[in-house]
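Asker: Residue numbers (our numbering), protein chains in the order written: chain A, 1 to 382; chain B, 1 to 382.
If you're looking for bench data, these hints aren't it; they were derived computationally from the structure. Any given hint might turn out to be false.
Copies of the same chain are indistinguishable here, so a pair counts whether it falls within one copy or spans any two.
No more than 30 Å apart at the CA atoms, straight line, and that leaves these computed lysine-lysine pairs for DSS-like [as the list claims (entries may be wrong)]:
hint: 1; residue 1: K234; residue 2: K273
hint: 2; residue 1: K335; residue 2: K234
hint: 3; residue 1: K166; residue 2: K335
hint: 4; residue 1: K309; residue 2: K166
hint: 5; residue 1: K378; residue 2: K166
hint: 6; residue 1: K166; residue 2: K79
hint: 7; residue 1: K273; residue 2: K211
hint: 8; residue 1: K309; residue 2: K335
hint: 9; residue 1: K234; residue 2: K79
Below are the chains, spelled out letter by letter.
Protein chains: 2
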Amino acid sequence: MSFEVLPQSMSFAGPLALRSGAALRDYTLAYETYGTLNADRSNAVLVCHALNASHHVAGVYAGQPRSEGWWDNMIGPGKPVDTNRFFVIGINNLGSCFGSTGPMHIDPATGRVYGADFPVVTVEDWVDAQALLLDALGIDTLAVMGGSLGGMQALSWTLQYPARVKHAVVVASAPNLTAENIAFNEVARRAIVTDPDFNGGHFYEHGVIPKRGLRIARMIGHITYLSDDVMNEKFGRQLRSAVEGELAGTGYRYSTQDIEFQIESYLRYQGDKFSEYFDANTYLLITRALDYFDPAREHGGDLTAAFAKATAKFLLVSFTTDWRFSPARSRELVKALLDNRRSVSYAEIDAPHGHDAFLLDDVRYMCVVRSYFERMAKELSA
Amino acid sequence: MSFEVLPQSMSFAGPLALRSGAALRDYTLAYETYGTLNADRSNAVLVCHALNASHHVAGVYAGQPRSEGWWDNMIGPGKPVDTNRFFVIGINNLGSCFGSTGPMHIDPATGRVYGADFPVVTVEDWVDAQALLLDALGIDTLAVMGGSLGGMQALSWTLQYPARVKHAVVVASAPNLTAENIAFNEVARRAIVTDPDFNGGHFYEHGVIPKRGLRIARMIGHITYLSDDVMNEKFGRQLRSAVEGELAGTGYRYSTQDIEFQIESYLRYQGDKFSEYFDANTYLLITRALDYFDPAREHGGDLTAAFAKATAKFLLVSFTTDWRFSPARSRELVKALLDNRRSVSYAEIDAPHGHDAFLLDDVRYMCVVRSYFERMAKELSA
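Bound-form chain A, shown alone (with noise of 0.2 Å):
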């Protein structure tokens, strides 16, 4: 069993200047922290999440020993991140249904349920209102670190607040979505969007839940997140019948509409258990501000421009069968950090997992970030 964590908050009155030019006031923000602030405030260390994760990030809480945080593989004492060493601190991003203020929260201006009026947040936006939790908890400098969507957070507080960020890792990230990317996104969305009880978004007031787009959309996210050679290597053809042993493995069922093989099982498992938890305002918020990521953009698409301003020491880690975001665009922000002239150390991690890799323990994945915050312990003692 991990360690013990106890879930905060803090309550900001805003108003919170967002990038759609909407602002948002009397929002709350739920974090987490592991470790403890050094006397110099010197060791801080912010995780952001990706997609379908949230502030508690590491540890346990009392009385459920099986609810480890999201990456407690790679945060708590006496691992790759240590939390002996470095105070950690997890903030659940606006917008989410985990904590933070979200879509299933009031909105102050009306009295009533935000759903699909909650205000569209970026990474951008993200960041600025994770800074100023640090800045209540007294935090300048600190490093960030993120593996997807937590990296894009991780590469994009490089920009906003360079003076700031000491050492960014980035891991199974990319300086923005491609067009396939985008389009998974978007399927996902219409699933939802066009399920009869999405009701324009504002489905908390008829009492139902668009669960047949929430699945879809889970669906294709697990496909996204898996390489073609870990899908075929778990589930391959496998047939359900032979797992039960009902037809000892032989016989196809000829059924359009029943599972017949494991890996339908597998992914309407996974739809399923998601559209129990999981917001559908929120689920389309998160993927927007995804395929809105893009630091080049305002630079016309050169993104060494955009990474002259960040000063910080940079760790990037890929993984060779992550179609999602490919080591090649790793590779795009190794480029444009050298061309800045930037620390930048580079890990492309031979694994098998696809995307899902990176919150999966391998041995070289895990020594890569070990090494990393041990250098980063050594010159805090320096």
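With the hints as your guide, set chain B onto chain A.
Answerer: What follows is chain B alone, placed relative to chain A:
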């Protein structure tokens, strides 16, 4: 404008025994022929179609100048498959919604529309039905040709009717689907089946069409037909506003539901168009036929053993950026055929268009097919 053609149809009393154990009686096959069958009936080429296609392979219908068949660039007078030399037959598969007996037709056993009760059909069943039609046309030996799912039918012909198939031309195909392929099919099916308008597959009698599901299915399909590269080249991160000149291309709309990127506009358009003409039950049937195809299955997964009985000469073609049916899958087939000392020509075309490449003009691809058919023509006249 292409040459004019006339669709035909032929009815069969059956019963046609299906792999599922069910049987079809009183069924009709829609078909077209181009060119002239020679005196010794040796110049026939059967062209098998994939998911979203039909017997209308080439040519145009009278008075409809833009009604070109789906492989009109490949097949016709003077084209790579030259109808001045070959007698080409296109047959619409059972279960389709384009003319042959399918879910939209009346079940003679009940007097009601089949709907979801149309029996599950397999690639092998389609080949049996095609063989009966060729019997009726007086054609014994032939060449069989197809791309994608059509290629699977060509492969199955060489196993089900080895003595009849002189040549098999198999483009952008595979010996079976991977877990990832099945996964994408399953998501598309779930989108259709969970659309409230699906009504368990008997939506016709309710006067509705599960268009939401069909749209999602088509959007997913489209993403997998294209390569990441060609999507980036065609759409990239281009905003719709830039195309429409609205905001001088600089501004995001900041919306989760409106179209923001061109790729979204394209996918929605493709989905809408498809949902207007394609039958939902047909979509389920055809994707299931894809899932089920696996000739090595009854040989314990040994593809070489499966192809021991094939005696045809083979041309296989794959495309480097096809991630749906990758070149590696074609190479598995080449290996199995070479293990059996079969005559195999194999071309791996470096084309950027993904799976869709098999339908497009690529000089090298067209030349490869043309050369192969010229060799075939020489064999005939020898």
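Asker: Tell me, in ascending order, the numbers of any earlier hints that this structure violates.
Answerer: none
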